[in-house]
Amino acid sequence: DAEQADDGVFKMAAIFQTSIEEPWDGAIHVAALKIAEEMGLTYEFAENVKAADFSKVVREYSERGFDFIIGDAFLAGEEPSRAVAKDYPDIAYAFGSEFDIQAPNYSVFDNWIHEPAYLSGVIAGMMTESNVLGVVAAIPIPEVNRLVGAFKAGALSVNSNVTVKVAMIGSWFDPPKAKEAAVSMIEAGADFLFAERFGVFEAAKEAGVYAFGNMSDQNALAPDVVISSCVWDMYPVLKNSIDAIQNGTWKAQNLKDWSMMAAGGSSLAPYHGLESKIPADVKAKVADLQKQIMAGTFVVPVIETPTVSD
Amino acid sequence: MISMSIVKRKPLPGWVILVIPVAAVFVTLLITAIPILFAGGNVFKAYGSLFYGALGSKFNLLETFVKASPLILTGLAVAFAFRAKFWNIGAEGQLFAGAIAATWVGIYFTWLPSFLVLPVMIIFGFFAGGLWATIPAFLKTKLKVDDVVTTLLLNYVIFHIMGALLFGPMQMPGSSWPRSASIMDAAFYPMLIARSRFHFGIIVSFVAILVIWFINSKTVFGYQSRGVGINLEAAKFGGINTGMVILKTAIISGGLAGLAGVGEVAAIHHHLMMDVSTGYGYTGIVIAMLGNLHPIGVALAAFFFSVISVGAQTMGRVAGIPTYIVGVIEGVALMTMLIFILLTEYKIRWTKS
Amino acid sequence: MMSEIFSVAFITGIIAATLRMSTPIILATLGEIITERSGVLNLGIEGTMLFGAAIGFLTTLSTGSLWLGVLAAALAGIALSLIMAILSVYLGLSQHVSGLGITIFASGLAMFIYRLVVGSPTVPPIIDPFSPIAIPLLSRIPILGGSFFTQYSLTYITWLLIPAVSIFLFKTRAGLRVRTIGQNPFAADTVGVNVNLTRTLCLAAGGAFFGVAGAFLTLAHQNMFLIDVIGGRGWIAIAMTIFGNWNPVMGAVGGLIFGFLDALQLRLQTLGVDLPFHIFLMIPYLITIFALISVSRKASVPAGLLKPYRREDKGG
Amino acid sequence: MQPVIEMRGVTKRFVDVIANDKVDLKLFPKEIVGLLGENGAGKTTLMNVLFGYYNLDGGKLLINGGEVTFGSPKDAINHGIAMIHQHFTLVQTQSVLENVMIGMEGSFFLNKKKAREKLLGIEKDFGLNLDPDAIVWTLSIGEQQKLEILKSLYRGAKTLIMDEPTAVLAPTETIELFETLRILVASGHSIIFISHHLQEVMDICDRVIVLRSGKRVAERKVSETSIPELASLMVGRELLERLERGEAKTGNAVLEARNLKVRNNRGIVAVDNLSFTLREGEVLGVAGVSGNGQTALSEMLFGQVKPEDGEIHISGKNIPGGSPSAIIKEGMARIPEDRIKTGLFMDLSVKENMILESHVNEPISKKGLINMKEIRSFAEKCINNFSVKTDGMDAPVKSLSGGNLQKVILARELVGKPKVVVACQPTRGLDVGAMEYVHQAMLDQKTDGAGVLLISDDLDEIFLLSDRIIVMYEGKIIGEVSTNEADRDKIGLWMSGVTS
Ligand SMILES: Nc1ncnc2c1ncn2[C@@H]1O[C@H](COP(=O)(O)OP(=O)(O)OP(=O)(O)O)[C@@H](O)[C@H]1O
Ligand SMILES: Nc1ncnc2c1ncn2[C@@H]1O[C@H](COP(=O)(O)OP(=O)(O)OP(=O)(O)O)[C@@H](O)[C@H]1O
Ligand SMILES: [Mg+2]
Ligand SMILES: [Mg+2]
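Top line first, the protein sequences correspond to chains A, B, C and D. 1 is the number of the first residue of the first sequence in my numbering; add one for each residue after it. 1 is the number of the first residue of the second sequence in my numbering; add one for each residue after it. 1 is the number of the first residue of the third sequence in my numbering; add one for each residue after it. 1 is the number of the first residue of the fourth sequence in my numbering; add one for each residue after it.
Read the hints as simulated data drawn from the structure, not as lab findings. Take every hint as true, because none was put in to throw you off.
Residues from chain B that keep clear of chain C, each with C-beta distances beyond 10 Å, as calculated:
{"id": "1", "residue": "Trp15"}
{"id": "2", "residue": "Ile20"}
{"id": "3", "residue": "Val25"}
{"id": "4", "residue": "Leu30"}
{"id": "5", "residue": "Ala33"}
{"id": "6", "residue": "Asn42"}
{"id": "7", "residue": "Lys45"}
{"id": "8", "residue": "Val120"}
{"id": "9", "residue": "Phe127"}
{"id": "10", "residue": "Ser175"}
{"id": "11", "residue": "Ala186"}
{"id": "12", "residue": "Ile203"}
{"id": "13", "residue": "Leu247"}
{"id": "14", "residue": "Leu300"}
{"id": "15", "residue": "Phe303"}
{"id": "16", "residue": "Thr344"}
Selected chain A positions facing chain B (Cβ under 8 Å, derived; list incomplete):
{"id": "17", "residue": "Phe74"}
{"id": "18", "residue": "Leu75"}
{"id": "19", "residue": "Ile139"}
{"id": "20", "residue": "Pro140"}
Even for Gly, the Cβ is constructed at its ideal location relative to N, Cα and C.
Work the whole structure out from these sequences, hints included.
Next up, the structure:
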């Protein structure tokens with residue numbers, strides 16, 4: 001393939017199992033676009049790659065001589081991406097995965113936004129009047145459990161009276177169902193909702209309760225109710241990886257630290273228009289905790305088991 | 001007013017019938033050029049990558065076979081059921097049943113001598129799918145419950161059973177995702193061509209074509225099952241135990257879909273997860289009908305569909321067109337092909353009145 | 001826990017949720033009943049709903065008018081149904097495949113168009129959706145007020161459509177034609193009813209219902225379009241059509257039961273019943289099957305269903 | 001005089017046949033014209049062309065002297081033409097009134113009140129009484145036919161086409177129908193009447209047109225022709241001599257019904273405590289007005305329906321009820337009433353239909369595998385022995401004419417030399433030639449020593465073939481008599497429930 005001849009430009013490819021509208025893959029995609037523009041590198045991506053096709057696509061990019069191949073490997077992509085990586089030891093791979101790294105060239109990452117989730121819990125715990133909080137989430141996998149667990153821990157750390165309701169909608173995408181789950185929580189008295197999935201804000205808006213967004217700053221979706229969001233930024237992960245590849249220092253590693261608040265990989269989104277609705281002591285408390293987390297003096301608990309409704 | 005009617009035509013010469021599929025593909029490409037142009041794509045580059053992606057290299061061609069394998073099996077499953085007018089919309093669920101059983105054998109039957117693992121896995125997968133299909137068959141024959149609906153609803157039921165298993169007893173130790181552990185190596189379908197995924201399951205599906213063809217045309221049961229589909233009352237009158245025929249038909253139909261599930265686990269994923277099928281069971285319905293319920297037709301239709309879907313996916317990636325174009329092309333290809341096939345037997349007559 | 005179940009808020013909430021969640025299912029079921037009564041099984045329902053959801057949403061997004069969105073969704077549904085009519089009615093192709101073909105095609109096209117129009121921003125674009133309308137006075141009645149009489153306008157319209165479709169089918173001349181064609185197209189043809197045209201019109205009406213049912217999800221229940229927004233609700237409508245024995249009122253009852261079970265399972269989860277959540281998700285489907293078993297013996301399938309009508313075909 | 005209808009040189013082709021070849025037909029006011037021809041001669045097709053159901057491929061249609069083109073039945077209806085098809089075009093699940101109202105112009109809502117008044121008016125005028133609210137499936141065949149006529153009159157039809165209206169009627173119902181037709185003609189209607197019963201044609205028609213292989217071969221005034229002439233015109237050859245019934249040489253009992261009882265699907269007792277014995281070497285005729293349990297009786301004997309009570313013995317052996325396979329095994333040959341619905345796989349080939357009952361037996365199949373060679377030789381034997389006219393054993397059975405369809409069934413059932421033959425309405429809808437063939441086949445069975453049970457609405461057929469006659473009334477046997485001593489009037493009385 002003459003067209004594919006190496007012209008010296010760094011080439012990065014991303015493989016997503018869902019469409020890029022899906023927030024998790026969306027976060028990777030957005031960071032990749034940003035870095036591609038910034039560093040002037042080539043970026044290609046494949047979305048909606050079905051489980052059975054994953055192997056074919058990874059192999060395709062590897063064959064075409066990409067330097068850095070990233071994506072979400074969870075479930076369907078694990079085995080195929082690792083197998084292909086073995087065949088191409090000179091290419092750097094980094095995949096979202098629940099498993100360990102695979103030397104020498106296969107790194108793993110995940111989104112680690114339990115820290116902002118904890119802070120959200122603190123806000124909700126301090127501000128709630130009903131002492132009932134709600135979480136609507138997809139399915140009980142570790143990264144979801146981490147969020148739910150941290151949110152609850154944050155709330156309990158400031159208010160021992162809160163109860164937390166949890167509902168799983170059973171799929172990554174079923175906004176109507178997510179909304180109904182949120183409604184059922186509002187009926188159960190919840191006045192703060194953690195929206196792990198799309199669909200919750202509509203219910204919050206109709207009932208006039210507050211909600212937290214997830215993955216990106218989602219205030220724009222419902223400015224009156226989205227009090228803040230837990231934001232994941234893949235930029236540090238990518239930036240540091242590409243630097244390492246270009247310096248020749250790339251090795252298989254768990255990239256999770258680059259997704260933490262301290263590295264700028266996650267953050268609590270601004271309060272936007274709702275700034276004035278939040279009491280000063282809450283803001284102060286959050287700011288203080290934030291500082292401690294950044295400094296490493298406070299470690300947010302990592303809870304990976306499912307949280308059941310209280 | 002001008003009205004249209006469809007009338008039978010005299011049989012066409014053989015070469016026309018060969019030209020038909022080509023013409024249908026051509027028309028499909030013409031139609032789907034419209035959305036490609038809208039998306040700002042280069043039509044020639046796009047279609048070049050479509051054919052390259054599906055047929056252009058040995059690797060790609062073999063991948064197309066990989067894709068065709070489950071489609072052949074679900075297509076046969078549906079065709080065999082439909083022929084007996086057992087409206088099995090549930091191949092998807094039966095595929096799940098087969099995949100669950102195969103995974104179970106593949107993980108836990110470590111005590112089996114390794115040469116027995118694959119046969120046992122295939123048999124378990126077949127009967128798991130078959131048994132799952134007997135539920136709607138039983139409801140249809142004994143309680144007169146509509147089979148379209150029960151097969152459809154049972155897809156959701158087994159999907160959630162699978163979910164409960166994958167979060168429960170079958171979950172991989174150390175993982176909290178809905179996935180099972182990997183099956184043992186002895187349970188892997190062997191790869192038959194190096195550096196490709198051309199696996200044993202592809203052979204299984206080709207054997208299935210032959211077996212179904214044989215059952216249909218050479219056995220008493222094949223005759224009875226067709227009779228039941230054509231005229232239930234006459235079949236009963238002729239002394240055929242129609243309930244039993246439907247039940248056996250269901251087992252074979254579900255079993256074939258179950259084999260598709262076995263193949264996906266044993267050759268592609270090597271573990272069970274919710275995404276084990278990408279709607280193969282539903283596509284199987286399309287393939288069965290496109291193949292006119294005949295095993296050979298099913299094979300051709302499955303291959304046609306894999307070319308379109310494998311190729312369109314590559315096209316989406318390479319030509320920078322949203323991958324959703326895959327559905328558009330598949331849909332248009334299906335409809336055009338059907339119309340062209342119809343036109344081999346019928347002609348359209350316009351009449352003024 | 002028991003006390004929670006019997007609280008006014010819980011009961012009001014579950015009734016309200018039942019009505020909301022059943023709205024798209026009932027609407028789609030009514031549409032499917034009309035088409036099946038005329039002898040056409042439209043498996044294009046799921047894709048048509050998604051297409052309606054997308055087109056309705058995009059129209060509202062660009063015009064700002066919700067009702068224009070509803071109108072566009074209806075037209076989008078009609079357009080797809082006309083393709084269905086050409087395939088399955090005029091050309092007499094298998095209704096199964098034509099319908100599934102429409103679903104594959106329309107689902108792809110819906111998302112394709114959506115992607116072309118909005119691109120792929122991190123935060124999906126939103127519209128200002130329909131908000132629930134509290135009917136004066138009635139909405140003050142305890143329990144009923146907060147549930148029955150505080151709903152979206154599309155939900156109210158759906159309730160009105162249940163008797164309307166009933167009356168249409170059983171009390172009007174056109175309805176009699178439709179029923180006759182579904183039972184015995186030959187009988188209809190020989191008294192001068194245009195079988196294919198009537199089937200086409202029924203498909204079009206059904207398509208409009210499907211389109212609006214989809215748009216309900218993006219314009220009222222939600223305020224954005226996401227790929228899986230229909231989530232199998234179209235297939236459920238097919239089941240409800242049969243459950244309801246092709247009767248609009250019974251079909252709507254089926255839709256309500258399904259909506260209720262769905263609302264209930266979410267609430268049971270919230271109450272902290274400790275079962276694998278997949279068991280909850282299964283409940284609506286299982287109970288629907290049991291319900292079907294109980295009604296199946298008196299099922300009366302339209303005799304002409306699935307059969308294309310061609311005059312010169314022998315044995316028709 | 002100006003004809004109301006004139007067809008000039010009408011041609012209609014299907015893919016493989018010319019069903020009508022330049023046919024001319026005239027129908028004058030107040031006239032009943034009979035249309036005759038063998039099965040497949042093109043009668044129905046010609047009428048479907050006149051009714052606008054088929055587009056013609058050549059020729060002209062004139063109504064009251066003016067040329068017309070019909071695109072659909074609607075156009076024909078608008079010109080006052082109505083057709084009553086051989087297979088009724090009624091919606092079984094709807095009421096009489098709804099069936100009448102289908103497709104009528106009018107307001108948006110159904111105005112049942114007005115329609116009912118109009119319908120009752122027509123019922124009174126023509127003496128056709130039907131309850132407007134009755135659901136069609138509760139009506140007898142005769143009543144359903146009345147409904148078809150009412151439908152036509154309701155639409156203001158002046159010309160009625162009736163395709164084999166008597167094929168499914170009992171003799172008394174036929175008499176009633178003829179009365180209605182006479183009233184219609186008197187009130188200015190014209191009628192085209194198709195039948196295979198030449199006597200009926202002689203009784204009711206003014207003029208007869210004969211079709212053979214799609215061509216019009218003759219036209220006769222009824223007053224100037226005879227039944228034998230018409231028969232030979234249709235067939236194109238002289239028909240055989242009259243059949244010889246011959247003496248009954250009765251032997252052992254081969255079929256015994258003991259106290260049979262069953263309900264129909266509406267829950268009404270259809271057969272009540274019914275017993276009879278059929279012996280070797282005799283034909284036992286079961287007469288009765290249709291709707292008195294003959295269908296239910298045959299379904300029990302065929303094993304399609306399980307008796308609620310009572311036993312069936314074949315050659316002295318008690319047969320489990322509701323099991324066609326057990327009955328087939330005992331060697332009963334069964335000719336079902338509805339050959340297309342119960343007797344045949346219309347989408348399969350002739351040979352595949354031939355083996356319906358024997359496909360599980362050696363040598364046709366062994367160990368679950370079908371032996372194609374044996375099937376072919378079996379089918380060939382059937383086709384030859386019973387002179388089935390077909391393009392070959394691989395032709396789809398639906399390409400056969402009605403008479404040949406019946407021969408396929410006869411061949412399949414009789415080729416194995418059965419001990420007992422149960423035939424239900426075996427000549428319904430068959431032309432004279434085919435009818436004669438079937439009758440001869442029944443008598444041959446008797447001569448060969450089989451017992452033949454003949455269930456028929458056609459009293460002529462019963463008298464022609466039976467040695468003994470039993471009459472069914474309301475599910476019971478109301479009387480029994482040997483044919484030699486039978487008297488038609490008495491049997492007619494029995495059929496209407498009068499004994500003494
Ligand atoms: N339901 C059917 N399916 C396929 N072919 C049919 C069907 N009914 C009739 N035919 C065919 O059409 C032709 C004429 O049909 P028609 O009904 O006039 O036959 P027929 O001998 O009058 O039978 P009958 O009067 O007993 O119904 C025949 O060749 C027959 O085989
Ligand atoms: N729809 C059709 N398609 C193809 N061939 C047909 C069709 N209808 C009738 N035929 C053929 O046309 C010829 C005339 O059939 P038609 O039904 O008119 O005969 P008929 O005189 O009414 O016979 P019968 O006495 O059995 O009712 C037959 O050979 C028949 O098989
Ligand atoms: Mg005829
Ligand atoms: Mg006939």
